[in-house]
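Put together the whole structure using the sequences plus the hints.
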Amino acid sequence: MQVAYTSADIVAIVTPQRTAGATDQTIRDIAGLGAAGAGDLSFLGNAKYKAEVAASRASVLLLPLDYAGEPAANQLYLFVENPSVALARVCARIEQLLWPKPPAGIHPSAVVAPTARVAPTACIGPLCVVEAGAVVGEGVFAQASVFIGRGAQIGRDCWLLPGVVVGAECVLGARVRLQPGVIIGSDGFGYEFVKGRHEKVPQVGHVVLGDDVEIGANSTVDRARFSRTVIGEGTKIDNLVQVAHNVVIGRHCILCAQVGVSGSTTIEDYVILGGQTGVGGHITIGKGTKAGGQTGIGSSVAPGSYLNGTPALPYLLERRLQILHQRLPDLFKRVEILEQKAK
Amino acid sequence: MQVAYTSADIVAIVTPQRTAGATDQTIRDIAGLGAAGAGDLSFLGNAKYKAEVAASRASVLLLPLDYAGEPAANQLYLFVENPSVALARVCARIEQLLWPKPPAGIHPSAVVAPTARVAPTACIGPLCVVEAGAVVGEGVFAQASVFIGRGAQIGRDCWLLPGVVVGAECVLGARVRLQPGVIIGSDGFGYEFVKGRHEKVPQVGHVVLGDDVEIGANSTVDRARFSRTVIGEGTKIDNLVQVAHNVVIGRHCILCAQVGVSGSTTIEDYVILGGQTGVGGHITIGKGTKAGGQTGIGSSVAPGSYLNGTPALPYLLERRLQILHQRLPDLFKRVEILEQKAK
Amino acid sequence: MQVAYTSADIVAIVTPQRTAGATDQTIRDIAGLGAAGAGDLSFLGNAKYKAEVAASRASVLLLPLDYAGEPAANQLYLFVENPSVALARVCARIEQLLWPKPPAGIHPSAVVAPTARVAPTACIGPLCVVEAGAVVGEGVFAQASVFIGRGAQIGRDCWLLPGVVVGAECVLGARVRLQPGVIIGSDGFGYEFVKGRHEKVPQVGHVVLGDDVEIGANSTVDRARFSRTVIGEGTKIDNLVQVAHNVVIGRHCILCAQVGVSGSTTIEDYVILGGQTGVGGHITIGKGTKAGGQTGIGSSVAPGSYLNGTPALPYLLERRLQILHQRLPDLFKRVEILEQKAK
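Chains A, B and C, in that order, are what the protein sequence lines are. Numbers in the working numbering are just positions in the first sequence, counted from 1, shifted up by 39. Numbers in the working numbering are just positions in the second sequence, counted from 1, shifted up by 39. Numbers in the working numbering are just positions in the third sequence, counted from 1, shifted up by 39.
Hints are not guaranteed to be accurate.
Covered stretches of chain C (chain B as the covering partner; in silico rule of three or more C-beta atoms under 8 Å from a C-beta of chain B) [as the list claims (entries may be wrong)]:
#1 96–110
#2 357–369
The calculated lysine to any residue pairs, modelled on SDA-like cross-linking and capped at a C-alpha distance of 20 Å, are [as the list claims (entries may be wrong)]:
#3 K372(A) x E375(B)
#4 K234(B) x D250(C)
#5 K380(B) x K382(C)
#6 K380(A) x K239(C)
#7 K239(C) x A111(A)
#8 K239(C) x A131(A)
#9 K329(C) x E375(B)
#10 K382(B) x L377(C)
Honestly, the hints are just simulated from the structure, not real lab data. For glycine and all other residues, C-beta sits at the position ideal for the given N, C-alpha and C.
This is the structure:
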């Protein structure tokens, strides 16, 4: 990290209730209590690490109000209500340094169709393409090499990182953040088998992403056969996730990396799917369902389910079956003994 | 969808055998029978939804010839031999609106090597790169930010969507469609372990895609160590699929999302692999084999197999074993009872 | 392959200890012993194929010193200590033809910030973006449409293929090779659940790739929440692999295609993970561990483990359990018989 904060800068950002000690070190990085050295900021986010504070060599420490202890020489303690939140404030500031939004305007190397409407406060970075009829809202940041297709609509304050593709007619709400390489609006995977060949079913629907959706690097969301593929407000999707055509995902869901959701499935609000989980087509995953990693869900599940395994089973049952499965060698032996006795 | 068809436009596209009723609504979207409203086109594609037709508020309905019923006020029925095929015709027309092929020519922002040969009817869109010696056939559409490497050959009427990479020397047949972010001809994954380090085995083969192959967003197909990685005519591949070096895939196969095929494996014609299925290296998957989602295939399988599970087993056996697996708690109890009796 | 070597060219590259026969064919391709024809180079890399040499129609054959046999008409035998190594030398030469590094310099279509420092021997290809403060080392080759973010550091002789994204502040050692579409430094997937919404935890760390790391097409490596995500020297990663934030991977590891590693996990040196394997978060995979394809590793494992299955078990135990699992129908029957006898 190429940051350089004085201790006064940090105090200004976190506004501690009280302080102890002082440091003349410039803060250049953040580190865990044990790993931190001179020039590092650290924090006590979890009471179980309390014992590590005294030995920490961090120059500045964010500590809860009730922490009792004295800083070392050239060390500054900042006492705050919630050290994790205070750290997040510092991180938010650093994030702006890492990814400063350039001034509004269209980079001269970008290719923007005359009929596209780009808001005056939007920033279209180098080597982006904006096709005819696309609408780019206020404060949008298309960083570099972003493609925005015909008639697509990008809501206010969206952030599209390098290499993002938003296909024709797709609609993004406000503050959507798409990590590098995300593809929105690729064709759904639909064919009819006619005379020994797979004939393409044209995919003419689009994709709608709600406000505050975030999608991870190289994930893909297919356009609907017709109508819409939908991802609800506030849902967060990790890297390399596949969302097929006509899927409807509710609000505030979490899809971890490499999850795949097959076509026309509905995932209700507040669902959490662990990494590499696969979800079959044309089913419904009830509200608030949770699935562990590598789960395979082939049929609809009731709200509030907690699943794991392939095929997916209730989590505790799956765990119990795993344990019994590992006792199979013993069970076979026991049956053999019974058989010999029964002879 | 930003379409606007009059009922006369729809009639002209689907050429119904007869009609009933009339509508003055402009058709702006397609929707299912239940969801459709004024301005929507809907269709009866499956007899089991017949009862929904009468209540549908769609302005125009595509119906089979034998449908008996009367349209509502301001509603048009179009009777056709196959409503699904009629709908596909409308969708194909809309697809051309969504993705109109621009006039032939090379966009001024594209970077095309002097020794590349681009057919006069091809369209090389903005910010594409075509390297030395590449050959781009008649009617090809490289939409935007497409990379075509040295000596690659792109067959007639191929469509390469934004962000596609076709590596050096790779060969595409006619009408190949590559969704955004597809990588053809990345290096195969080959190393020799020498003195504690993995030394790279240069990958100097290429990739050959047959006519009418389609590959989904962000999928990857590695070039061969030497010779070819091959995907046969008419095979369709979904998003985020991995095809390793020297794999040979036959004709008219279907690989669903997130499938992975390891190196030097042969997949014969008409194979269908469900999502997230993994296929080991140096094996043969016989013609017409089908595998359910998340299958793990570690050894060669005979033609016509129907598989599921990891390790892959015949589908019905796998289902039976799943059921018995879930009865393990009961089985352990039964054995315990027997043991107590046998004491 | 568009190569054309005379037999004299091949002799000059492989420097055989002795030769037999001669050919006037131009060598245009490499093929296996059985598939090779006139104009092909072939080799005996594995003694078990010895019998195929006599019948091979290759124009030039690389053979071990002890091979006893006579070339056919218009066929050249080259006897070398290690035919595989000799072939690799030919392939390395062909690789340079396939992917010739252009002359140093910045392509006029690239967008390079004034404050970026690009070494004079580096090549920044067409349509690349290099942001402010980035440092690009000697001999680096950014082929086309590569994005190098603010303050990123690219070590000497790195090769970044088309569409690669290296995010702000990320650091690459020497000779790192990133296949097309690789994303380094996307945001880690971190949220806090506050009042029914997932609030983003800013991800302000970066990624450090050691010397000689290679990463496959469309794989993704997330930046750390703070501090670093690390991939050690010489580690090789295949296509479509996910490495989450704050993961630390050791030296000389192999991660096959579609592997996923969850956040804050440590993978020690010389670990090998088979395709589609999933690794949970906050655990340690001991040095030299091997896991078969589709393994699910949820908890820490000791050095030298050999695992398979979900949940991961010792490989031989897992194989044994698989066999017993397939005998469940028989076991249920045997218990039923015992029960009838016990009545």
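We went through each hint and held it up to the structure:
Residues of the region 96–110 of chain C with a Cβ under 8 Å from some Cβ of chain B number 0, which does not satisfy the need for three, so the listed coverage is violated. Coverage of the region 357–369 of chain C by chain B holds in this model, with 5 residues showing a Cβ closer than 8 Å to a Cβ of that chain against a need of three. Pair hint K372(A) plus E375(B) holds up; C-alpha atoms about 13 Å apart against a cutoff of 20 Å. Our distance criterion of 20 Å between C-alpha atoms is met by K234(B) and D250(C), whose separation comes to about 16 Å.
A distance of roughly 10 Å separates the Cα atoms of K380(B) and K382(C); the hinted pair therefore holds under the 20 Å criterion. Proximity of K380(A) to K239(C) is assessed by CA-CA distance (about 64 Å); at most 20 Å being required, the pair is judged violated. Among the hinted pairs, K239(C) with A111(A) is inconsistent with the structure: their alpha-carbon atoms are about 33 Å apart, more than 20 Å. For the given pair, K239(C) sits about 10 Å from A131(A) by alpha-carbon distance, which is consistent with the 20 Å threshold.
Taking the CA atoms of K329(C) and E375(B), the gap is near 37 Å; set against the 20 Å cutoff, the hint is violated. The hinted pair formed by K382(B) and L377(C) meets the criterion: a straight-line CA distance of about 14 Å does not exceed 20 Å.
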